[in-house]
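S.K.: Turn these sequences into a full structure, and let the hints guide you.
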Amino acid sequence: MKKPGSRVSSEKAGRKLKADAPKARGWGGPGGRLDPEVERWFATEGAAFPSSRSSIIPMLQAAQVALGYLPLDAMRAIARHLVVPPALVEGVASFYAQFRFNKPGRHRVTVCTGTACYVRGSGKLLDDIQADLKIASGETTADGAVSLESVSCFGACALAPVVVLDDKVLRQQTSVSMKKVIQDIPSGPSKGRSRDVRSSPAARGARK
Amino acid sequence: MPNLTVNGRTVTVEAGKTVLDACRTAEVYVPTLCDDPELEPYGACRLCIVKVEGMRGLPTACTTPAAEDMKVTTEDPEILEVRQWTAQLLLADHPLDCLTCAQCGACGLQDVAAHLGIRDRVLRPMERDAKIDNSNACFAIDMRRCILCGLCVRACDEIQHLGAIDLVKRGYASAVEPFGGGPIKDSICETCGECVERCPTGALTARQYLRPEREVSTVCPYCGTGCRIILGARGDTVVSARGDMDAPISRGRLCVKGRFGSFEFVSHPDRLKTPLIRTADGFREASWEEALALVARELKKYRGDAFGGLASAKVTNEDNYLFQKFVRAAMGTNNVDHCARLCHSSTVAGLRLSFGSGAMTNPADDLLNTEVILVTGSNTTENHPIIGLKIREAVARGAKLLVFDPRQIQLSQLATVWARQRPGTDVAWINGLIHVIIRDGLMKTEFIEARTEGFEAVEKLVAAYTPERVSEITGVPAGLIVEAAHVYATAERASIVYSMGITQHTTGVDNVRSLANLAMITGQIGRPGTGVNPLRGQSNVQGACDMGALPNFYTGYQDVADAEVRAKFEKAWNAALSETPGLTVTKMLPAALEGKIKALYVMGENPVLSDADVTHVVEALENLEFLVVQDIFLTETAKLADVVLPASSYAERDGTYTNTERRVQLTMPVVPPPGQARRDLEIICELATAVGYPMSYASTAEINDEMRSLTPSYAGISHARLEAGEQLHWPCPTEDHPGTPILHRDKFARGLGQFHPVEYKPAAEETDASFPIVLTTGRMLEHYHTGTMTRRSDGLNGLVPGPFVEVNGADAKKIRVKDGERVKVTSRRGSIVLPAKVGTRVDTGVLFIPFHFWEAAANVLTNPASDPTAGIPEFKVCAVRLERAPELAGSR
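Residue numbers (the working numbering), protein chains in the order written: chain Z, 246 to 453; chain P, 3 to 894.
Hints are computed from structural coordinates only; laboratory data are not their basis. Among these hints, one or two may not hold up.
To be verified - Distance windows between CB atoms, simulated:
#	chain 1	residue 1	chain 2	residue 2	range
1	P	Pro185	Z	Gln343	25 to 31 Å
2	P	Pro271	Z	Gln343	54 to 60 Å
3	P	Gln90	Z	Ser397	25 to 31 Å
4	Z	Val364	P	Gln90	32 to 38 Å
5	P	Glu857	Z	Ile302	46 to 52 Å
6	P	His117	Z	Gln343	39 to 45 Å
To be verified - Think about it this way: if two alpha-carbon atoms lie no more than 25 Å apart in a straight line, the pair counts; the simulated SDA-like pairs of lysine to any residue are:
#	chain 1	residue 1	chain 2	residue 2
7	P	Lys171	Z	Asn347
8	P	Lys820	Z	Glu282
9	P	Lys303	P	Tyr695
10	Z	Lys348	Z	Val364
11	P	Lys763	Z	Pro349
12	P	Lys133	P	Thr102
13	P	Lys187	Z	Leu279
14	P	Lys171	Z	Gln306
15	P	Lys816	P	Gly847
16	P	Lys816	Z	Pro281
17	P	Lys171	Z	Asp373
18	P	Lys816	Z	Arg345
19	P	Lys820	Z	Leu279
20	P	Lys133	Z	Pro316
21	P	Lys820	Z	Glu284
22	P	Lys826	Z	Arg345
23	P	Lys133	Z	Glu282
24	P	Lys133	Z	Pro281
25	P	Lys641	P	Gly847
26	P	Lys839	Z	Glu284
27	P	Lys73	P	Gly10
The beta carbon of each residue, even a glycine, is placed where N, CA and C say it ideally should be.
M.R.: So this is what it looks like as structure tokens:
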């Protein structure tokens, strides 16, 4: 099917790059002016990262903590800093479930669908919450108040089924109790900064 | 070199090769879908699994290095079963509408399924529900057919060095996408087609393609890089184009014009098929006898300096040789020129004065072995894309890039230093670099003393060009001048690449000589990886100059004023030749306006769109008593002609072209000319005979032999040697000479390199209150020259259908114009209305307009003021005013 031939010729071996040799490419787009919030993040935090490919994930994480999600401009800023194509940054980011690409709601409801929680009815719980909020898991309500997510285990199986509202762990929830929780969600933002549950102290605390 | 056995057969492969290479050496077929000889091993498709004695499991052959004494088994029932299941997984989400798929018959997946004997799809079909991305006019993306082999992503990264697409998401959601999800047209994709070329399935397919009956390797008709294209034909129609892997300069690479836009125009219905003669109300078709008799009758009246001829940078050396011979020997004048006047005449003049030879000093591949590349006035990735690739590859290998360009071109994003000089201030920044190099003791004194003369004058002059003063003139921060000077001067090997941003100024020759000074002061010339490298803009513009289609030179830059040279040509051509140098294009047209030039013969040029100040060009052509145009389309210039002669395109001729590196390449015809159209050299011969100077040749090789006998620099470059596959760069004085890829090695062509002090002079037209903005013009990736060929390609025209002006956001805001809205651009010579492309590509106070579009011809605006030595017009600087378009003027 393909031509036989010199595939790993000595010339090619000689050209093998160091992992972090600067790659010849632009970050694209004639513009270059990014969203002001992204520029602010980049100036205060992003620019300090070493300009090497190994910074991609740490930078994505830092950007998400600061901005709440990864807008395209954040990935553009990272690509520009690392002199890699933005498509590569998006390729890496989109592989990991920890990164979000849409602006999150002011509050986050995370339902555990891990084995223990599932056995204790979190499947139905999630269905009911979806019906109450009129969104699917992974989406945000139209008014931008609530985002709904599911995770596969908090490590808090003794409290199953677990729901986390923002940073607060809610133990042994039912469809009825959740209805009330959702009704009581204030329309304003939560007091604490909305953080990624996987790294939040609450989540870590709950594991004990 | 490891020896190993494949299925019991012993093979030897080079160290560093893989087991897959060993299998191929042993001529054993191993199915694979993700391997490509030009890309790094990847191991995605898992089909090339084999058994290696002593190794656990089933390693993929493509990623396993071949080692001594390996015993490889490529087929057994277990391997077959695993491969079958792997293929079944691929087929589970692949549509089975093979008969109507564009890739049918050339599909890698079909090959694999056939090889593995798959008769049925055993897994539950889970076809992806993806929309076809039809946004790109040259190729279509159908993600339903994608098998995620990654070939496209890797080609974009490893070959094109761009990374426009990547694999995103994971699991069933995995897809190949541009940044942000598409459509592809809105991404940084350059439509080079390397991905389309490699896609094993119908996921990426060219829109214009029919399987050819026969294929012929020819030279691309566009820029001066000289890539080779394999054109495919069916009957008399060219139906396909692909890169020629054996081509020395392009090695299979092509840009969007070469791959998708190089064949449609050849068989376009607009092609001229019969001679046309002007009548009171247009043109009528005529026979060759009638047309040639009419032209001959008219031209006989204007023999001597009332006649002028414009040769062409798009036809072969042989065609150009005959054309200038016709003008000189049959018509008795040196009034012959061509559009090199408009692009690199300042290079030919400037480098000749400084070095003794007016051409690129080093081959393009040298860019891969250099440490520093200084690019100025060349948007290389758009206008010489395959040389641009070499620059990107060099940067990927660690070379440093210095870019001096008023526009934020793609290369500026990869540059160590990107400086945005004000248009027309090049001498100042180059002198600034030289100042810093001398100040900081970075010059190569030994080289200067041994190889050059006149250094002291330059030293004295640049003393005044302190970085601070240069910064004031050019707008480039002083720090960047110092940094660039240090990076360039301290490199072991540094190369200068430039193009029309340097040459198309009233100070064009000064600019070129300044660059020559810079190279000489640092000794960055005459060695591999160094040099001063002007990139020529048309497929045979170097050849047309070499062939003497210039008013002051015979072939090989032999001076027409030199009596000895003239005597040689008079003897060979058996005709009395004029001793007065002729008029340049830029002087011929004003002379036509004054009535001094009465008849003009234009071969394959379109001055109505390409020359500065179009309004005057048209007036001049209309003032002629007789205009004959020989072309393949009825161009804007041909529409003004008295007689139009139908000529042949690049796909219909044989002969040689000389690329920008002085490399001479042979080409062969793919199809015959359409209708009654004829070869250019046939037409010239018949015209010459008809005006009483008989010319006839049995073959292009015979013309080439005559030319070589008169031209020392081409003397050794015979068709026979080229046919045998020799790669020859002129000068090549004898048939056993290997050619000269690198000029000025041990001494300069003129003996000592000549330093020339150059003082900064402002552009001919400066901005003022009524014309406050600087306009600069140029080309773009998707179109070529006056668009006669590229705008007849649905693909290229679909990508960029019309004119635009690049405007900085701040300037657009001032006149309340948004991206895409129409604006009026006015200069002292005229005005055009066209849509604005708002962004940061140009700085405030600067506009850029590509000159390809007749609807809004940039050259209506440009200033015909020209360089005193070279006669090149100042296309890169003129003062203009920017306003809202008349139709918008009332609103808001």
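S.K.: So, for every hint listed, does it hold in this structure?
M.R.: We went through each hint and held it up to the structure:
Between Pro185 of chain P and Gln343 of chain Z, the C-beta spacing of about 28 Å keeps the proposed range 25 to 31 Å intact. A hinted range of 54 to 60 Å holds for the C-beta pair Pro271 of chain P and Gln343 of chain Z, which are about 58 Å apart. Under the hint 25 to 31 Å, the C-beta atoms of Gln90 of chain P and Ser397 of chain Z, about 29 Å apart, fit the expected range. The hinted range of 32 to 38 Å is satisfied by Val364 of chain Z and Gln90 of chain P, whose Cβ atoms lie roughly 34 Å apart.
Range check, Glu857 of chain P to Ile302 of chain Z: Cβ separation about 49 Å, and the 46 to 52 Å hint holds. The supplied range of 39 to 45 Å is met by His117 of chain P and Gln343 of chain Z, whose beta-carbon atoms lie about 41 Å from each other. Between Lys171 of chain P and Asn347 of chain Z the alpha-carbon distance is near 15 Å, which keeps this suggested pair within the 25 Å criterion. Between Lys820 of chain P and Glu282 of chain Z, the direct Cα distance comes to roughly 23 Å. Compliance with the 25 Å bound is thereby established for this hinted pair.
Under the criterion of a C-alpha separation no larger than 25 Å, the hint pairing Lys303 of chain P with Tyr695 of chain P is consistent with the structure, at around 15 Å. At most 25 Å may separate the alpha-carbon atoms for a hinted pair to count; Lys348 of chain Z and Val364 of chain Z exceed this at roughly 32 Å. Between Lys763 of chain P and Pro349 of chain Z the CA atoms are separated by roughly 58 Å; this puts the pair beyond 25 Å, and the hint is violated. This hinted pair checks out: Lys133 of chain P and Thr102 of chain P have alpha carbons roughly 17 Å apart, not beyond 25 Å.
This hinted pair checks out: Lys187 of chain P and Leu279 of chain Z have alpha carbons roughly 21 Å apart, not beyond 25 Å. For the suggested pair Lys171 of chain P and Gln306 of chain Z, the alpha carbons sit about 17 Å apart, so the restraint of at most 25 Å is met. For a cut-off of 25 Å, the pair hint linking Lys816 of chain P to Gly847 of chain P stands: about 11 Å separates their Cα positions. Restraint check for Lys816 of chain P and Pro281 of chain Z: satisfied, since their Cα atoms lie roughly 22 Å apart, inside the 25 Å limit.
Taking the CA atoms of Lys171 of chain P and Asp373 of chain Z, the gap is about 28 Å. The hint is violated against a cut of 25 Å. A threshold of 25 Å between alpha carbons decides the hint, and for Lys816 of chain P with Arg345 of chain Z the separation of about 38 Å lies outside it, so the pair is violated. The suggested pairing of Lys820 of chain P with Leu279 of chain Z holds, with an alpha-carbon distance near 18 Å, which does not exceed 25 Å. Restraint check for Lys133 of chain P and Pro316 of chain Z: the C-alpha separation of about 24 Å stays at or below 25 Å, so the hint holds.
Only pairs whose Cα atoms come within 25 Å are accepted, and Lys820 of chain P paired with Glu284 of chain Z is accepted, the gap being roughly 23 Å. This hinted pair does not check out: Lys826 of chain P and Arg345 of chain Z have alpha carbons roughly 44 Å apart, beyond 25 Å. With a CA separation close to 33 Å, the supplied pair Lys133 of chain P and Glu282 of chain Z exceeds the 25 Å bound. Taken as a hint, the Lys133 of chain P and Pro281 of chain Z pair is broken in the structure, with Cα atoms around 33 Å apart against an allowance of 25 Å.
At most 25 Å may separate the alpha-carbon atoms for a hinted pair to count; Lys641 of chain P and Gly847 of chain P exceed this at roughly 37 Å. Restraint check: the Cα-Cα separation between Lys839 of chain P and Glu284 of chain Z comes to about 24 Å, which is no more than 25 Å; the hinted pair holds. Annotation: proposed proximity of Lys73 of chain P to Gly10 of chain P holds, straight-line Cα distance about 7 Å (limit 25 Å).
Comparing the model with each numbered hint stated earlier shows that hints 10, 11, 17, 18, 22, 23, 24, 25 do not hold.
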